[in-house]
Every structure is written in structure tokens, then in C-alpha cells.
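Q: Chain by chain, the residues run as shown.
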Amino acid sequence: MRAGLVSSAVLHIGIIGFMAISFASPNPYEIVQESMPIDIVSDSELSKMMSGKKDAPKAEAPKPVVEKIDKPKQAENLDAKVSEKPEVKAAKEAAAPPPPPPPEAKPEPAPQQQAEAKPPEPKPAPPQPQAKPEPAPPKDAESMAAKPPEPKKDEPKPAQAAQAAPPPPPAPPKKPKDIPPKVVQAPPKEQRDFNPNQIAALLNKQDPRRQAALGDTMNSMTSLGATRGDANSLSQTEIDALRAYIRQFWSLPAGGVDVERITVSIRFILGPDRRLQGVPQLVEVQGAGNPYAKVVQETAMRAVNLAAHQDNPFPMLRPEKYDTWRDLTVDFNPSMLNY
Amino acid sequence: MNPADVAQTAMAAPSADLSLIGLFLQAHFIVKVVMAGLVLASVWVWAIIIDKTILFGRMKRQMDRFEQTFWSGQSLEELYRSLSSRPNHAMAAIFVAAMREWKRSYEGGARSFAGLTQRLDKVMDVTVAREVERLEARLLVLATVGSAGPFIGLFGTVWGIMTSFQSIAASKNTSLAVVAPGIAEALFATAIGLIAAIPATIFYNKFVSQVNRLALRLEGFADEFSAILSRQIDERG
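So the protein sequences, as listed, match chains A and B. Under my numbering, think of the first position of the first sequence as 1, with each following residue one higher. Under my numbering, think of the first position of the second sequence as 1, with each following residue one higher.
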């Protein structure tokens, strides 16, 4: 045992001595400094998150907002829930009329006709009209809904349209609000007309659902994001580039007094092709009392128009971030051009 | 440890030398104790390893030689006479114990040999057990160091990191240069624990299997020898 102990002790002392000599002091790292391109990320870009669902797959493309609004699909039955799934055909759909209605409302599955037939109906069974939107707006209301006054307005909901549309049958005693709207549509739900051409629809026991008549986004895929996140935004680099780009086209005549106090905010909307949509709007003018403000405002407006009518306007805006630069507000200040 | 001391160590830290000896010297007292204990454990473990390796190797050689002479047809009486004074290995010890019992029964002029076989078996079993125990001695130390070494080292590390965080808190400076020496020193304790534990575990496993093999061989020899003796008894009785 002694031999083992001695040799072990010698071994350890040897190793420790060796380490003390050979690992005397670790080499310091060589710190190499490389130059690196840096993109300054704005605070808001970091703190904001894309909206979406937490468990949804990460989508490369953001949900683009619907730009043009087609003629809205007519919703036949406003009481049914909205669903994004393919349309469910159910035989019930056919029968929408209120209980008291005249016999001609009852018949076959031409909901449009029927809807049209209803509003003018002058003698109302007491619970019926006015109080709530009609199941389907009449034709003129439809056409109004189809062409919203502003390009900005994404979603004229058919319900709104229906409310806006006043089918003013003169007579009916105004019974309104206190009557629960259900009374009208509830009873016919149970009815199913047997139509041998619609076997599939008859077999389907689901309640009819109406399709979302208008979407607010074109991409129905949910994308990854926080439930309460709102947006991403342009990075500082892009903002700078945008600013520099617009500045090229802004020529301000010299000669104002106190021009630094004047700030003109102009808002404009770009299409996916980076071209101007509609007319730039003046949002606000600070220092409007200054006589020079008018000049600043006009030249700024001209600068935006000029910038947007180049061959390749706004080259710094990338299509995948269309969401963020669709609606831009640029502050024009004679001392500097602000985003 | 009062805050002033902590602050001082922290201030001293950045300029300290980072060699292994330096790390040891500037460690906290408890960490030093842990490190020293682990180094001692390592020394002891290696002492046992060297000792056992020599012992087992020698024993195996001696057994080979003994078995050769045993089966060479040499008279057992002679063999007994040459070994009885000092049975220097396990197999010889079994042989001597059995022969002694045999001789005692014969020379005592026992009337019946009925119980002799049983007695021989018992004597040889006891000797085998004693020899195996001798082989296994101190192997438990290896097992203990192997399993507890990392924990002890980890304790030293945790303690070292704790004190280095206290230093950070006291000096109110979180730059890496202040933090790093304390952590490096603390991790050194775990390193020593592992250095002690790894060979201990490996050699423990190796030695246990060797002891098993040797024990099997001893038992085999005991059984064979017992068979020979019982045949002798039957022939004579």
C-alpha cells in the first residue's frame, strides 16, 4: 500500500507542477474589431409585434389588406353566424320569411327575390320591420355599399349598408327598438322544404351560415404574432431613404421668416406597385400663421406628387412590408424633412 | 464575510493572475478546503488504483504458477510442506487450510470420516470468503469518490460563484473582468472533482469485475480440491 501511496503522491505533484508551469497564465483573447454594417432598428419596430395567433405557423408574407372592394356578396340571412369556411348548403336557407307574411314570400329558394319583396311590404305585422336591418338590403343600398366613397374604407359591412339604406315604407307604426329582433327570424328556422334536387343540402343538419361578405384581409391564413400586437413598421434605414428620396423633389423657395416653426404633415396612400392612390391629403399644418406656410404646403404637396410619378417611385419600399408603407404620413419641415 | 472584504477581493480580482495556482490561492477558504480535499482524494484514489493493479497482477501470476504445480502430479504432501509455513496467495491459503484440516483429522485418528467432507468444504469456503474480502478491501473508497467527487466539486463551484456574486454586489460593478476570475476559480473546483471522480469510477468497475473473476476461480479450485479430497476419503474409508 505504501508503494501505491508514494507513487500516487509523486504522480500528482508532478502533474500539478507541470500544470503550474505550462498553464502558467491563460492567453488573453485577441480582440479583433471588424467593421460591420449596422441597420438601426427603431424602437417601435422592436416593441411592436405583428398581430396574429401565438400558435400559428410563421408566415413569410404579412396579411395584405384588401385594397379594392368588389361588389359585396349579398348576405341572405344576417342572423346566421359568419364563417370563413366554404359555404354550407342547407335547405333551411330557403325559408326565411317571418310568420305573418303573405303567402308569396313563402315559396321557393330565391332569397333575393324574396328579400326584395319584403321591404316595400306596407302592412306590417307589428313585430316586423324597421326596428332591425332587413335580411337583405334592397338594390339601391347594395350599389351604395359596393362603391364606398373613400378608397380608405376597407370594409363597408353589409350590415352597415343595410342600416344606411332606408326603405321608407311610410305607414308602419314605429314600434321599434324594444322588440327583440329574433321574433321575426326564429320561426322559419325549423322549416325544411323538400327539394329533391338538393339532397345534400337536406342531409346537412348544420344551421346555415353566411359567408363573410367582405374580408378585411386577402390572406385568410393566420400568421404568427401576438394577439394584441398591432404592426411592424419601417426600419430607420428605410425611413431615412424615404426621406432622402422625397427631399430630392422638394424645392422650397428661399426667403421665409421663422420657417423652422412650420411643419406640414402630408398623408398619402400607395398601392402595392408603389404608386400613389388617390390624392395626397394635408393632415395638419403647424405654424399656419406664418405667411410662408402656404408655400411650404404647396411645394410639399408637389414634392409628393412628383416623387410618386417617377418611373420607379419609392425604390426603397420593399413589397413584403407593404403593410407598413401603404399609408404614409410625412412631415415636411423646411429645416429638415421628417418621416 | 463582511462587505468591505468582499469589495476588496473584488477590486483585487481584475489584476489577479489567472494561473491554476493563482486561482487556488485567491479562492475563498471553503473553496480551498474543497479543492484540497479533492486533491487528497485523488491522491488516495490513485494510490489504491496502483496498489490494486499490482496486487491483482501478482495474484493472477501466482495462481497460474500454483495451479501448474498442483496439477503437475507432484505429491500434495510435499506441496503442503513447502507452502504451509507461509501461504503467500489466496489459492495457496485455501490449499493449506484444507490440507491442515485433512491432516488434523487423520493424525487425530478420527474414527469416522463421515463429517470430514463437510468440514473441508466449510474450511475452504471460509478461506475463499476471507481472501475475496482482502481483494475487495478499499474498493469502496473508489466507488465513493467516483460518485461523490463531482458533487463535492459542484459544492465548491456553487460556493465560489456565490461569493463572486457577493463581490459583484458589493463592488457594484458588473463588468465581465470583475466577474470572470471568481467564476473561473469556482469552476476549477468542479474540474478537480471530475479529475478525481473519473478514474475512480473507471477503475472501480474494472476492479470489481476482476475480483469477481478471481473469486470464481478460487471457488472453482476449492470445489475441485474438495472433490479430490472426498475421493481420497472414500478410497481410504
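Fair warning: there could be bad hints in the mix.
Sample of chain B residues facing chain A (criterion: CB under 7 Å; computed from the structure) [to be verified]:
| # | residue |
| --- | --- |
| 1 | Ile21 |
| 2 | Phe24 |
| 3 | Asp51 |
| 4 | Leu55 |
| 5 | Leu135 |
| 6 | Ala137 |
| 7 | Leu214 |
Counterexamples of contact, computed for chain A against chain B with all Cβ distances above 12 Å [stated by the list, open to error]:
| # | residue |
| --- | --- |
| 8 | Ile13 |
| 9 | Gln236 |
| 10 | Thr237 |
| 11 | Val259 |
| 12 | Lys294 |
| 13 | Asp327 |
| 14 | Leu328 |
Calculated from the structure, these hints are not laboratory results. Beta carbons: idealized from backbone N, C-alpha and C, even for Gly.
Q: All hints, please: hold or fail.
A: Structure-based check of all given hints:
Because the smallest distance between the Cβ of isoleucine 21 of chain B and any Cβ of chain A comes to about 5 Å, under 7 Å, the interface hint for this residue holds. For phenylalanine 24 of chain B, the interface hint is violated, the least distance from its beta-carbon to any beta-carbon of chain A being 10 Å, above 7 Å. At about 3 Å, the closest approach between the beta carbon of aspartate 51 of chain B and any beta carbon in chain A falls short of 7 Å, and the interface hint on this residue holds. Given the 7 Å rule on beta carbons, the hint for leucine 55 of chain B is violated: about 9 Å separates it from the nearest Cβ of chain A.
Checking leucine 135 of chain B against chain A by beta carbon gives a least distance of about 14 Å; that is not within 7 Å, so the hint is violated. A least Cβ separation of about 10 Å between alanine 137 of chain B and chain A goes past the 7 Å threshold, and the interface hint is therefore violated. Taking 7 Å as the C-beta contact cut-off toward chain A, the hint placing leucine 214 of chain B at the interface is violated, the least distance being around 19 Å. Annotated as non-interface, isoleucine 13 of chain A brings its C-beta within 12 Å of a C-beta of chain B; the closest such distance is 9 Å.
Residue placement check: glutamine 236 of chain A keeps its beta carbon more than 12 Å from all beta carbons of chain B (closest about 29 Å). Threonine 237 of chain A, annotated as away from the interface, keeps every beta carbon of chain B farther than 12 Å; the closest lies near 31 Å. Every CB of chain B lies more than 12 Å from the CB of valine 259 of chain A, the least distance being 48 Å, so the non-interface label holds. With a cut of 12 Å on Cβ distances, lysine 294 of chain A stays outside the contact zone with chain B, its closest approach being about 57 Å.
At roughly 44 Å, the least C-beta separation between aspartate 327 of chain A and chain B is larger than 12 Å, which holds for a residue marked as non-interface. Look at leucine 328 of chain A: its CB is around 43 Å from the nearest CB on chain B, clear of 12 Å, so calling it non-interface holds up.
Consistency note: the structure conflicts with the earlier hints numbered 2, 4, 5, 6, 7 and 8.
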